[in-house]
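Participant: Fit chain B to the supplied structure of chain A, relying on the hints for placement.
The residues making up each chain are set out below.
2 protein chains.
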Amino acid sequence: MINVAILGYGTVGSGVYEVLTKNAESIKKKAGDEIRVKYILDIRDFSDAPNAHLFTKDFNVILNDPEVSIVAEVIGGIRPSYDFTKAALLAGKSVVTSNKELVANKGYELLKIAKEKGISYLFEASVGGGIPIIRPMHQCLAANEIEEITGILNGTTNYILTKMINERLSFDEVLKDAQKKGYAEANPDADVLGIDACRKIAILSSLAFSMQVSPDKIHTEGITGISLTDVEYAKATSSVIKLLGRSVLNSDGTVSAMVAPFIIASSNPLANVDDVFNAILVKGDSIGDVMFYGRGAGKLPTASAVVADIIDASKGRRDIFWGEVDYENVRDFNTYEHEFYVRTTDASVDMKATVYGIFGSVKRIVREDMPSGEYTFLTKSFTEAQMKENVEKLAAAGCCKVGSVIRVL
Amino acid sequence: MINVAILGYGTVGSGVYEVLTKNAESIKKKAGDEIRVKYILDIRDFSDAPNAHLFTKDFNVILNDPEVSIVAEVIGGIRPSYDFTKAALLAGKSVVTSNKELVANKGYELLKIAKEKGISYLFEASVGGGIPIIRPMHQCLAANEIEEITGILNGTTNYILTKMINERLSFDEVLKDAQKKGYAEANPDADVLGIDACRKIAILSSLAFSMQVSPDKIHTEGITGISLTDVEYAKATSSVIKLLGRSVLNSDGTVSAMVAPFIIASSNPLANVDDVFNAILVKGDSIGDVMFYGRGAGKLPTASAVVADIIDASKGRRDIFWGEVDYENVRDFNTYEHEFYVRTTDASVDMKATVYGIFGSVKRIVREDMPSGEYTFLTKSFTEAQMKENVEKLAAAGCCKVGSVIRVL
Numbered sequence: 041m042i043n044v045a046i047l048g049y050g051t052v053g054s055g056v057y058e059v060l061t062k063n064a065e066s067i068k069k070k071a072g073d074e075i076r077v078k079y080i081l082d083i084r085d086f087s088d089a090p091n092a093h094l095f096t097k098d099f100n101v102i103l104n105d106p107e108v109s110i111v112a113e114v115i116g117g118i119r120p121s122y123d124f125t126k127a128a129l130l131a132g133k134s135v136v137t138s139n140k141e142l143v144a145n146k147g148y149e150l151l152k153i154a155k156e157k158g159i160s161y162l163f164e165a166s167v168g169g170g171i172p173i174i175r176p177m178h179q180c181l182a183a184n185e186i187e188e189i190t191g192i193l194n195g196t197t198n199y200i201l202t203k204m205i206n207e208r209l210s211f212d213e214v215l216k217d218a219q220k221k222g223y224a225e226a227n228p229d230a231d232v233l234g235i236d237a238c239r240k241i242a243i244l245s246s247l248a249f250s251m252q253v254s255p256d257k258i259h260t261e262g263i264t265g266i267s268l269t270d271v272e273y274a275k276a277t278s279s280v281i282k283l284l285g286r287s288v289l290n291s292d293g294t295v296s297a298m299v300a301p302f303i304i305a306s307s308n309p310l311a312n313v314d315d316v317f318n319a320i321l322v323k324g325d326s327i328g329d330v331m332f333y334g335r336g337a338g339k340l341p342t343a344s345a346v347v348a349d350i351i352d353a354s355k356g357r358r359d360i361f362w363g364e365v366d367y368e369n370v371r372d373f374n375t376y377e378h379e380f381y382v383r384t385t386d387a388s389v390d391m392k393a394t395v396y397g398i399f400g401s402v403k404r405i406v407r408e409d410m411p412s413g414e415y416t417f418l419t420k421s422f423t424e425a426q427m428k429e430n431v432e433k434l435a436a437a438g439c440c441k442v443g444s445v446i447r448v449l
Numbered sequence: 041m042i043n044v045a046i047l048g049y050g051t052v053g054s055g056v057y058e059v060l061t062k063n064a065e066s067i068k069k070k071a072g073d074e075i076r077v078k079y080i081l082d083i084r085d086f087s088d089a090p091n092a093h094l095f096t097k098d099f100n101v102i103l104n105d106p107e108v109s110i111v112a113e114v115i116g117g118i119r120p121s122y123d124f125t126k127a128a129l130l131a132g133k134s135v136v137t138s139n140k141e142l143v144a145n146k147g148y149e150l151l152k153i154a155k156e157k158g159i160s161y162l163f164e165a166s167v168g169g170g171i172p173i174i175r176p177m178h179q180c181l182a183a184n185e186i187e188e189i190t191g192i193l194n195g196t197t198n199y200i201l202t203k204m205i206n207e208r209l210s211f212d213e214v215l216k217d218a219q220k221k222g223y224a225e226a227n228p229d230a231d232v233l234g235i236d237a238c239r240k241i242a243i244l245s246s247l248a249f250s251m252q253v254s255p256d257k258i259h260t261e262g263i264t265g266i267s268l269t270d271v272e273y274a275k276a277t278s279s280v281i282k283l284l285g286r287s288v289l290n291s292d293g294t295v296s297a298m299v300a301p302f303i304i305a306s307s308n309p310l311a312n313v314d315d316v317f318n319a320i321l322v323k324g325d326s327i328g329d330v331m332f333y334g335r336g337a338g339k340l341p342t343a344s345a346v347v348a349d350i351i352d353a354s355k356g357r358r359d360i361f362w363g364e365v366d367y368e369n370v371r372d373f374n375t376y377e378h379e380f381y382v383r384t385t386d387a388s389v390d391m392k393a394t395v396y397g398i399f400g401s402v403k404r405i406v407r408e409d410m411p412s413g414e415y416t417f418l419t420k421s422f423t424e425a426q427m428k429e430n431v432e433k434l435a436a437a438g439c440c441k442v443g444s445v446i447r448v449l
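Line order of the protein sequences matches chains A and B.
When we follow the working numbering, the leftmost residue of the first sequence carries the number 41, and every step to the right adds one.
When we follow the working numbering, the leftmost residue of the second sequence carries the number 41, and every step to the right adds one.
Pulled out of the complex, with its shape left as it was, chain A reads as follows:
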């Protein structure tokens, strides 16, 4: 009998309880032993719930119970999750979690304690909800040097962009709809500003490149600046706009990582990942491109990933680890190179000469029902620093207003 405590009885926590109960038989077969929920920690009152006898408000009850060998931390955030996790690990209890913020920021420290104690700290559910990605990346790609990771890592923003593309609605309209459907929070900042995606690409980078990549060092942009007009221009070049988390291993061992909207060609497998789905494209030196696709959030998908980790922890799986934080391991954002999409408005007739003077040769994009005065183009490859300068020059030239600048994958 393996005794588990669930910390937090919100969406994921109640899902973990449900999956453990519903699939108890097959889980027992896979774990080789019965897995029982002994405690659920939540500060709220659940005295009317059918499983009311499991609830406690006191973490010390769990911490001091030697029967509890696995703790599922599904509270989220840093406090009090960090303290609970650290205490549990120090007490010799394995911890599994869906908490991306904690893993992204404190992964190295917590993995180190787990390693020293000979127990597990597992976090399959922290990226991609139920999509198996942490484990396949670590284990199945063991024979590969991972070179690049590119992912649609946030379901809320992907839902919003998909609606904008398919139904020609504005960002604000779709956001309201997403909030009504429960796909976006009342305060949607963590999603639409890219913060959530940033934590996830930080975790994937840390794992793939075996060193803690701090989310603070990853340049992050959201989708609040994406207009319907940009979506239409992208469509005219058989492309779509997606919010991507992207991380590349450079030959000097540093990492180039960022979160931003990108224009990607329809032929890219990520282009067809729609609605709340997530997908992560991993490029290995031997395997080439591999993609993992599925629901990136939701009660049961996320819960099933947490439960898979509980099973693994019960079997003593503890091979995931990465090196310590090194604030120098992320390369300066200003050196990253991309091709860019630039949309201008109120463009004057001598636009072309000015644009060519600043950017060199560009490829103009035209689309149906294009209002006069819009001059939109794709540039050749520039560093972020060069591009910033170019855009400032264009704005200063006075021949147009710069509407938007988006990177092209």
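In short, the hints are calculated from the structure, not lab data.
Mixed in with the good hints, there may be bad ones.
When chains are identical, the list treats them as one kind, so a pair holds in a single copy or across two.
Simulated crosslink set (SDA-like; lysine to any residue; CA at most 25 Å straight-line) [as the list claims (entries may be wrong)]:
id	residue 1	residue 2
1	K157	E141
2	K323	A64
3	K68	D256
4	K157	R357
5	K221	F99
6	K62	E185
Predicted model only: the values in this text are computed from it and were never measured.
Facilitator: Showing chain B alone in chain A's frame:
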């Protein structure tokens, strides 16, 4: 030091050697010990190769060397692979393989020996080339009851169908091109008749439903009957034709499994899997749809999956197992139910009445540049047995010729 023998130095075997050599440093880190190729078995002469000293033509040299703890069987086929594998396992050596034919037919027996001996029999590379699928399905989905598996499991046929769809070429034209490019064998039967896909869906079914599902019991059709005309009609309904391996767990514990071309809507994530890429869509009760995508074949992708298994075997991973063969576990194909696409030629004017009389209400498909005398339609759901009878009735009615019948997913 872990000593490995590679059986067979063809495409995959030489790839395994290359990956083990090229990534030796990181593999050592992941395995926790150096992995060395001590022997390569091949009946051909490699005396001029730089690694000539590793070659042997005598399997007994490997079998009788107690230093060899892992054997990579990448010969393919049943003989002599089966004998070599069995002997190696009985001698206490773990075996890893890319041999789908052997795993599909003898998996239970070989897994049982490995289990009894406390060693590993691993076969990640047998399905989906380098795509991690066996391990994620077994391990990450541990918390799920798997309900359905649907996959594009053969790169050659997917390449052919993609070319037919995108370049409007006939099956024969594309097959010739694929053979020239090395994507299809001189004798393409195993691919184009669906035999390869059948072995792979047999392995996935065995693993997902924990019982050996014999390939002999799986109804299998290839793509030789798919015409460009069918591709055009599918396109007119925003669909594509793909060769799918499909396996569903029924509520009575039996499995419905088959390989056949299916018409699938463009919105299905499998519809955008093109060229030689493979993808496997797994449906779990908690996780919903998850898809794994990547190159289903090729030297280095497949080799990297074999090497990942070598690393796992070196760490004593041996949790994969399934139950014995039960020829009653696959439900009678005649009972499977689908909607169908039917294309007829030389149709007479009273066609509609005859079709409605036999199939009930149908949905006619029209397309641009459709020749007169073609009457093509989608039916409601029928069992295979009912459909066979319906098609015979239609042929007997004398109002048309039946051109093709394809299932709709």
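Participant: If a hint holds in the structure, say so; if it does not, say that too.
Facilitator: Hint check results:
1. K157 / E141: within (23 Å within a copy, 44 Å between copies)
2. K323 / A64: Between. Shortest inter-copy distance 19 Å satisfies the 25 Å Cα cut-off; intra-copy 37 Å does not.
3. K68 / D256: Neither, since 41 Å and 32 Å both go past 25 Å.
4. K157 / R357: Both: 13 Å inside a chain and 22 Å across chains, each within 25 Å.
5. K221 / F99: Neither way: K221 and F99 sit 34 Å apart in one copy and 63 Å across, limit 25 Å.
6. K62 / E185: Cα proximity of K62 and E185: across copies only (10 Å, versus 39 Å in one copy).
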